[in-house]
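**Student:** Model the full assembly from the supplied sequences, consistent with the hints where possible.
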Amino acid sequence: MSVELVDYDEAVAEFDPVLGLEVHVELNTKTKMFSGAPTEFGAEPNTQVDPTSLGLPGAMPVLNAKALESAIRIGLALNCSIAEHCRFARKNYFYPDMPKNFQTSQYDEPIAFDGYLDVDVPASEDGSKPAFTYRVLIERAHMEEDTGKSLHVGGSTGRIHGAEFSLVDYNRAGIPLIEIVTRPLVGTGDRAPDVARAYVAALRDLLRALDVSDVKMEQGSLRCDVNLSLRPSPEAELGTRSETKNVNSLRSVERAVRYEVSRHAAVLRSGAKVVQETRHWHEDTGLTTSGREKSDAEDYRYFPEPDLVPIVPDRAWVEELRASLPEPPAQRRKRLHAEWGFSDLEFRDLVNAGALDVVEATVAAGASPAAARKWWSGELARRANADGVELADLRVTPADVAELAQLVDDGKLTDRLAREALEGVLAGEGTVAQVVEARGLIVVQDDGALNAAVEKVIAANPDVVEKIRGGKAQAAGALIGQVMKEMKGKADAARIRELITERVS
Amino acid sequence: MNELVQWDATRLAEGLRSGVVSAEEVTRAHLDRIDAVDGPTSGANESGVHAFLHVDHEGALARARQIDADRAAGADLGPLAGIPVGVKDVLTTKGLPTTAGSRMLQGWVPPYDATVVRELHAAGLVVLGKTNMDEFAMGSTTEHSAYGVTRNPWDATRIPGGSGGGSAAALAAFEAPLTIGSDTGGSIRQPAAVTGTVGVKPTYGAVSRYGLIALASSLDQAGPCARTVMDTALLHAVIAGHDPYDSTSLPDAVPDVVGAARQGATGDLTGVRVGVVTELSGEGYEPGVVARFEEALAELRAAGAEVVELSLPNIVHALAAYYLILPSEASSNLAKFDGMRYGLRVVPEGENVTAETVMRATRAAGFGDEAKRRIVLGTYALSAGYYDAYYGSAQKVRTLVQRDFAAAFADVDVLVSPTAPTVAYRLGEKLDDPLAMYAGDVATIPANLAGIPGMSLPAGLSDGLPVGLQVLAPQRADDRLYRVGAALEARLNDKWGGPLLAKVPTWQGVSA
Chain H
1 MSVELVDYDE AVAEFDPVLG LEVHVELNTK TKMFSGAPTE FGAEPNTQVD PTSLGLPGAM
61 PVLNAKALES AIRIGLALNC SIAEHCRFAR KNYFYPDMPK NFQTSQYDEP IAFDGYLDVD
121 VPASEDGSKP AFTYRVLIER AHMEEDTGKS LHVGGSTGRI HGAEFSLVDY NRAGIPLIEI
181 VTRPLVGTGD RAPDVARAYV AALRDLLRAL DVSDVKMEQG SLRCDVNLSL RPSPEAELGT
241 RSETKNVNSL RSVERAVRYE VSRHAAVLRS GAKVVQETRH WHEDTGLTTS GREKSDAEDY
301 RYFPEPDLVP IVPDRAWVEE LRASLPEPPA QRRKRLHAEW GFSDLEFRDL VNAGALDVVE
361 ATVAAGASPA AARKWWSGEL ARRANADGVE LADLRVTPAD VAELAQLVDD GKLTDRLARE
421 ALEGVLAGEG TVAQVVEARG LIVVQDDGAL NAAVEKVIAA NPDVVEKIRG GKAQAAGALI
481 GQVMKEMKGK ADAARIRELI TERVS
Chain Y
1001 MNELVQWDAT RLAEGLRSGV VSAEEVTRAH LDRIDAVDGP TSGANESGVH AFLHVDHEGA
1061 LARARQIDAD RAAGADLGPL AGIPVGVKDV LTTKGLPTTA GSRMLQGWVP PYDATVVREL
1121 HAAGLVVLGK TNMDEFAMGS TTEHSAYGVT RNPWDATRIP GGSGGGSAAA LAAFEAPLTI
1181 GSDTGGSIRQ PAAVTGTVGV KPTYGAVSRY GLIALASSLD QAGPCARTVM DTALLHAVIA
1241 GHDPYDSTSL PDAVPDVVGA ARQGATGDLT GVRVGVVTEL SGEGYEPGVV ARFEEALAEL
1301 RAAGAEVVEL SLPNIVHALA AYYLILPSEA SSNLAKFDGM RYGLRVVPEG ENVTAETVMR
1361 ATRAAGFGDE AKRRIVLGTY ALSAGYYDAY YGSAQKVRTL VQRDFAAAFA DVDVLVSPTA
1421 PTVAYRLGEK LDDPLAMYAG DVATIPANLA GIPGMSLPAG LSDGLPVGLQ VLAPQRADDR
1481 LYRVGAALEA RLNDKWGGPL LAKVPTWQGV SA
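For the protein sequence lines, the chains are H and Y, in the order given.
Numbered per my numbering, the first sequence spans residues 1 to 505.
Numbered per my numbering, the second sequence spans residues 1001 to 1512.
Don't take each hint at face value.
Derived pair list, reagent style BS3-like, types lysine-lysine, alpha-carbon separation capped at 25 Å [stated by the list, open to error]:
1. K1495(Y) - K91(H)
2. K216(H) - K66(H)
3. K30(H) - K149(H)
4. K91(H) - K1396(Y)
5. K490(H) - K412(H)
6. K273(H) - K245(H)
Which chain H residues stay away from chain Y? Per the calculated CB distances, all over 12 Å, these [to be verified]:
7. G36
8. G55
9. N101
10. S166
11. E179
12. V181
13. P232
14. T240
15. G366
I should point out that these hints are in silico values taken from the structure, not numbers from a laboratory.
In this text, all values refer to a predicted model and were calculated from it rather than measured experimentally.
The C-beta atom is built at its ideal place from N, Cα and C for all residues, glycine as well.
**Tutor:** Written out as structure tokens, the structure is:
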């Protein structure tokens, strides 16, 4: 069972890894692939069902038009050809969480095929390996339906062994899935784990930009199967592959590839043969373990699904969808980086914080890129982090932030007052204008009140005034602070300095 | 016997409209009739018809009273409102047990109505109950029902046809004026033929399959059964039409089948070209069947139709192709019956209890021999190494049969043949010879492969047993069946001095 692993660097020096990635994407349609049952995640078990998603006798499928549209958009975004005519097939096998004991899927006629995705692979952390772009060839993207989920009760592990009984939840059964299959990724050399991770990340960004999926790997709406084989040299034939199922985070994709490279190398070095099998990934240990042996001859008894008519996408519609695709994420990032003029580090932080959309929207609403970045990567990033939510889910809109930035630029709010206004908006006290009004935050523009406060502070601090007159300009800070205190913060510090300077000199 | 049960649906509808009878009276008369003749299939009264698997006395009477109240309140009701109907147990009925004749679904009560059933309710028909059938519609005799055979009202020792023997026998025994059947390879038309009733398989996709428990999805078609062509047309008009819940449902408007039946009832077929399929007569067809068929052709000529012979060369392979396509699709459609979600669950004894062993034990106990035979056949035909040789070849034959029909219909308006090669045989006679049983559907199967509509109507008796005549029309031209069928029916009724069913032998309680 336990194999003495070969060190990764030694393994890739000796063998050439070849990857194949299969990514399942749950679409974010409101209803299921073949029926009107709802698709909400996390609902009470067996409440998101209807006769068709339960596979009740007599129930029939009807293709979800929105799912077809999403499938075509994904295909187009992956530079695929879109089938002129295609069909669903039945994949027959028995499993308790499959309501019909066949899965309605596409087999020999996928909706999209022969595409590619250019993936930017970043430089390694230590900079020893440079950044590069890898073109992942896409073999196909096809439509299918998800299965239900089994829950094993009574055992300590939650697995079927040792369980007293099992329950099945069909809420997930029939959720629309797109399976995206790559051609073998060759020539990645020692960067195979980085390419795998970068590909899944790029795919995730693309799907998010298309707004076709929640792409939440931790919730299973994006799931990756990692195929890996080693061969003695890039010229040799492909080696026997293992298929590691359901690798559900970007980091795990990278780790699973590294682990399998080391494991395959150990098997090959020992003179044994790699077994073609599915393997399970264990997040906690970073290991894979053997699942079931899988031969190419596994017989799913595919045949064309007779309950669904063939799909013949209208070509004009396909071209409309092509024309309305969003800007590819990689291209968009390059453009925004250039337009905003941020440093590489500043820009990378924004990308990592998932703040590009909100910053872009804030700039579009009138804020300067610098101000938008400052707000979203500062105050708001802290707040989102503390609340454990996405930036976009905060109770403040890009328009609100742009409004705040404008008020600061106009001198109507100080930074501190603006933060206080933001606090009110986040607390649900109303719009920026309403919070500023209700909390009385606006900077006092009336020089009368300000002059009075300045006079008072100067009169009370003759020693400080002396210092300033003696050439210590920085001593004015203490006076400014006191004036600000008198004004309860609702004053413009620059204006106070002006007034003090006028009086003292 | 209450004479109301002898009225056909058209006459009942008139009576209901004019207030001569109420829906409650009509319904009660049929329920009483069922109680009197349907009987148990074993024990003292072993010769009961057993057309019904489940009778909904209370529900039917409640619906009938509602219709009467609606009519009294001046509601605008459809032409068949208040008329009782039996529904083949292959269609789901909300709140009413639905078994498809299988032990697998014993006690299952669906949470939803099939579209056809919803349409029956919407049109005000009164569902009496569920009619007997071969398990999952597999069989031509109704001997493969898990709940006992149905008997032929013409001779209780004989089969009523299958798989819709219950729906046909209910009509011939005057237990219901209308019934719904399903036809995958002849399961409406062949029972109609051997019981002296009328049955129509509409164009594939003309009637929704949603809620029809699938046998072979590309062949299955629900359709109307009745005692007259006009009644069949009225029921056809109720259940046909587009259904957004069935992807294969046709978007077309329903052809005017009632108007066509009315036009045909004048007995005039001048200008109609009728093709006689040479391959569907002669060898293998009983002399009595052929004789009645020839007489019917003479009537068609007398009605002014031009009758020509033509050949459909590929039709001889239809039976073989059908018995590859049907089991293939059936093996997949029946996979859901595994004891996991509904219906029967058998927990194996002396074995580990896992999902797999429960599935195995449930399927072993729940499926009858005919179902198992076809599941094994279909699994084999679809398996990787044999797909092209079997399923793939069968689909090619299917295309050839479709082309043959298209060529024939370029020349003639309708095609005719005997519906079945023989009259009803004796119960048990072909139980051990599945191939002989399959051959009984040789004339009806081609229509299912081609998706075209077909009708069977009575053509007379042979040795005291009914013979059926089949009329076939091009896809979407279901109305032609009714025009030709009604004309033939009118002329034959004149010849016989009344409907054929007037000759049905005395059944317990049938005569006064």
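**Student:** Compare the structure with each hint and give your call.
**Tutor:** Checked hints:
1. K1495(Y) - K91(H): violated, 56 Å
2. K216(H) - K66(H): holds, 20 Å
3. K30(H) - K149(H): Roughly 20 Å between the alpha carbons, so the hint for K30(H) and K149(H) holds.
4. K91(H) - K1396(Y): holds, 22 Å
5. K490(H) - K412(H): holds, 9 Å
6. K273(H) - K245(H): holds, 21 Å
7. G36: violated, 9 Å
8. G55: violated, 5 Å
9. N101: Incorrect as stated: the minimum Cβ-Cβ distance to chain Y is 4 Å, not above 12 Å.
10. S166: violated, 7 Å
11. E179: holds, 21 Å
12. V181: holds, 20 Å
13. P232: Since the minimum Cβ distance to chain Y is about 32 Å, P232(H) lies beyond 12 Å and the statement holds.
14. T240: Holds, because the least Cβ-Cβ distance between T240(H) and chain Y comes to about 21 Å, which exceeds 12 Å.
15. G366: holds, 47 Å
Consistency with the previously given hints fails for numbers 1, 7, 8, 9 and 10, ordered from lowest to highest.
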